[in-house]
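Asker: Sequence:
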Amino acid sequence: MRAQWPSRWHDLYAPCQCISLARSYVCKVSAALSPYIVQPIHTDLTMYPTQLNSGWSAEDVASLIENGHLEKYSTCRWILPNYMPCNETVKGRDFSSHLRDRHGVTGAPSSQHRCCWEGCHEREFNRDCLIRHLREQHLQWRWPCPTCEQDFTRKNTMFEHRDKSCPRRLV
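So the sequence shown is numbered by this note's numbering: it starts at -19 and just counts up by one.
Incorrect hints may have been included.
[What the hints assert, rightly or not] In the DSBU-like style, the derived pairs of lysine-lysine whose C-alpha atoms are separated by at most 35 Å in a straight line are:
1) 52 to 71
2) 52 to 135
3) 135 to 71
Hints in this document: simulated from the structure, not taken from any laboratory.
Bear in mind that the values here come from a model prediction, so they are computed numbers and not experimental data.
Hey, can you work out the whole structure from these sequences and the hints?
Answerer: Now the structure itself:
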(Lines of atoms letter the chains of each structure in order from A and count residues from 1; the text may use other names and numbers.)
(Lines give C-alpha, C1' and ligand atoms only; values in the text may rest on other atoms or scores of the structure.)
Protein backbone atom coordinates (compact mmCIF):
# COMPACT_ATOMS: atom_id res chain seq x y z
CA MET A 1 0.00 0.00 0.00
CA ARG A 2 1.37 3.39 -0.95
CA ALA A 3 1.62 6.03 1.76
CA GLN A 4 -0.29 9.22 1.09
CA TRP A 5 2.08 12.15 0.57
CA PRO A 6 1.25 15.15 2.74
CA SER A 7 -0.25 18.16 1.03
CA ARG A 8 2.76 20.16 2.22
CA TRP A 9 6.12 18.53 2.99
CA HIS A 10 6.35 20.00 6.48
CA ASP A 11 3.03 18.42 7.51
CA LEU A 12 5.03 15.22 7.98
CA TYR A 13 8.43 16.59 9.04
CA ALA A 14 10.52 14.90 11.67
CA PRO A 15 14.03 13.51 11.95
CA CYS A 16 14.20 10.56 9.64
CA GLN A 17 15.78 7.25 8.88
CA CYS A 18 15.73 7.83 5.12
CA ILE A 19 17.77 10.88 4.21
CA SER A 20 16.74 13.40 1.59
CA LEU A 21 18.96 16.37 0.76
CA ALA A 22 16.11 18.87 0.64
CA ARG A 23 13.31 17.38 2.76
CA SER A 24 13.14 14.95 5.69
CA TYR A 25 10.28 12.63 6.48
CA VAL A 26 9.71 10.14 9.24
CA CYS A 27 9.68 7.04 7.16
CA LYS A 28 11.14 3.69 6.42
CA VAL A 29 11.52 2.19 3.03
CA SER A 30 10.67 -1.46 2.87
CA ALA A 31 13.35 -3.44 1.07
CA ALA A 32 10.67 -5.63 -0.46
CA LEU A 33 8.85 -2.62 -1.91
CA SER A 34 9.76 0.02 -4.44
CA PRO A 35 11.95 2.83 -3.05
CA TYR A 36 9.08 5.19 -3.86
CA ILE A 37 6.80 3.52 -1.36
CA VAL A 38 7.19 5.23 1.98
CA GLN A 39 5.63 4.07 5.20
CA PRO A 40 5.28 6.53 8.11
CA ILE A 41 6.87 5.35 11.37
CA HIS A 42 5.26 7.86 13.75
CA THR A 43 1.84 9.42 13.70
CA ASP A 44 2.31 11.88 16.58
CA LEU A 45 4.80 14.42 15.29
CA THR A 46 4.18 17.10 17.95
CA MET A 47 7.33 16.04 19.79
CA TYR A 48 9.59 17.08 16.89
CA PRO A 49 10.90 20.56 16.02
CA THR A 50 8.96 22.45 13.37
CA GLN A 51 11.90 23.37 11.13
CA LEU A 52 14.21 21.14 9.10
CA ASN A 53 17.41 20.33 10.96
CA SER A 54 16.69 23.08 13.49
CA GLY A 55 20.04 22.60 15.21
CA TRP A 56 22.01 23.22 12.02
CA SER A 57 23.48 26.54 10.98
CA ALA A 58 23.02 27.86 7.44
CA GLU A 59 26.70 27.07 6.85
CA ASP A 60 26.04 23.42 7.84
CA VAL A 61 23.16 23.22 5.38
CA ALA A 62 25.26 24.85 2.63
CA SER A 63 28.07 22.35 3.27
CA LEU A 64 25.62 19.47 2.98
CA ILE A 65 24.23 20.85 -0.29
CA GLU A 66 27.71 21.50 -1.67
CA ASN A 67 28.75 17.96 -0.83
CA GLY A 68 25.66 16.72 -2.67
CA HIS A 69 26.62 18.76 -5.75
CA LEU A 70 30.19 17.45 -5.63
CA GLU A 71 29.09 13.82 -5.29
CA LYS A 72 26.29 13.93 -7.88
CA TYR A 73 26.92 12.40 -11.29
CA SER A 74 25.96 14.35 -14.41
CA THR A 75 26.17 13.62 -18.12
CA CYS A 76 28.59 15.86 -19.99
CA ARG A 77 26.85 17.41 -23.01
CA TRP A 78 29.95 19.18 -24.35
CA ILE A 79 29.90 19.05 -28.15
CA LEU A 80 32.94 17.26 -29.59
CA PRO A 81 34.68 18.13 -32.90
CA ASN A 82 32.52 15.46 -34.61
CA TYR A 83 29.40 17.43 -33.52
CA MET A 84 28.31 14.68 -31.10
CA PRO A 85 27.89 15.30 -27.36
CA CYS A 86 30.52 13.82 -25.03
CA ASN A 87 27.90 11.88 -22.98
CA GLU A 88 30.47 10.83 -20.39
CA THR A 89 29.12 10.52 -16.84
CA VAL A 90 31.17 12.72 -14.53
CA LYS A 91 31.04 13.35 -10.77
CA GLY A 92 30.54 17.01 -9.83
CA ARG A 93 33.91 17.28 -8.09
CA ASP A 94 35.65 15.95 -11.23
CA PHE A 95 34.03 18.24 -13.80
CA SER A 96 36.92 20.74 -13.93
CA SER A 97 39.48 18.02 -14.55
CA HIS A 98 37.15 16.39 -17.12
CA LEU A 99 36.97 19.69 -19.02
CA ARG A 100 40.75 20.03 -18.85
CA ASP A 101 41.62 16.45 -19.79
CA ARG A 102 38.88 15.66 -22.34
CA HIS A 103 37.93 19.02 -23.84
CA GLY A 104 41.09 21.11 -23.69
CA VAL A 105 39.87 23.75 -21.25
CA THR A 106 43.39 24.59 -20.09
CA GLY A 107 45.67 27.56 -19.67
CA ALA A 108 45.82 30.47 -17.28
CA PRO A 109 42.68 31.31 -15.29
CA SER A 110 42.20 34.31 -17.60
CA SER A 111 42.48 32.25 -20.82
CA GLN A 112 39.36 32.51 -23.00
CA HIS A 113 37.14 29.52 -23.82
CA ARG A 114 33.79 29.23 -25.58
CA CYS A 115 31.07 27.15 -23.94
CA CYS A 116 30.48 24.17 -26.25
CA TRP A 117 27.67 22.66 -24.16
CA GLU A 118 24.81 21.36 -26.26
CA GLY A 119 22.40 24.22 -27.02
CA CYS A 120 24.48 26.95 -25.36
CA HIS A 121 25.06 30.12 -27.34
CA GLU A 122 26.90 32.14 -24.70
CA ARG A 123 29.92 34.30 -25.33
CA GLU A 124 33.46 33.30 -24.46
CA PHE A 125 34.44 33.04 -20.81
CA ASN A 126 37.71 33.01 -18.97
CA ARG A 127 38.42 29.50 -17.66
CA ASP A 128 37.14 30.02 -14.11
CA CYS A 129 33.96 31.77 -15.28
CA LEU A 130 33.30 28.96 -17.77
CA ILE A 131 33.38 26.37 -14.98
CA ARG A 132 31.04 28.53 -12.88
CA HIS A 133 28.74 28.98 -15.93
CA LEU A 134 28.59 25.19 -16.43
CA ARG A 135 27.71 24.59 -12.78
CA GLU A 136 25.07 27.31 -12.68
CA GLN A 137 23.44 26.95 -16.09
CA HIS A 138 24.01 23.43 -17.33
CA LEU A 139 24.54 21.29 -14.22
CA GLN A 140 21.84 23.29 -12.40
CA TRP A 141 23.68 23.66 -9.09
CA ARG A 142 21.29 25.54 -6.78
CA TRP A 143 21.63 26.92 -3.27
CA PRO A 144 18.28 27.18 -1.43
CA CYS A 145 17.94 29.73 1.35
CA PRO A 146 17.67 27.71 4.59
CA THR A 147 14.83 29.88 5.89
CA CYS A 148 12.63 30.74 2.89
CA GLU A 149 13.83 28.09 0.39
CA GLN A 150 14.30 30.56 -2.48
CA ASP A 151 16.90 29.12 -4.89
CA PHE A 152 20.12 30.88 -5.90
CA THR A 153 22.72 29.93 -8.48
CA ARG A 154 25.61 31.00 -6.23
CA LYS A 155 26.31 30.17 -2.60
CA ASN A 156 27.57 33.68 -1.79
CA THR A 157 24.37 35.19 -3.23
CA MET A 158 22.28 32.90 -1.03
CA PHE A 159 24.24 33.97 2.07
CA GLU A 160 23.89 37.66 1.12
CA HIS A 161 20.12 37.18 0.67
CA ARG A 162 19.87 35.33 3.98
CA ASP A 163 21.76 38.05 5.86
CA LYS A 164 20.19 41.13 4.24
CA SER A 165 16.91 40.60 2.44
CA CYS A 166 15.33 37.24 3.35
CA PRO A 167 11.73 37.88 4.41
CA ARG A 168 12.10 35.22 7.15
CA ARG A 169 15.51 36.28 8.46
CA LEU A 170 16.01 36.74 12.17
CA VAL A 171 16.42 40.42 13.00
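Asker: Identify every previously stated hint that the structure contradicts and give their numbers, smallest first.
Answerer: Failing hints: none at all.
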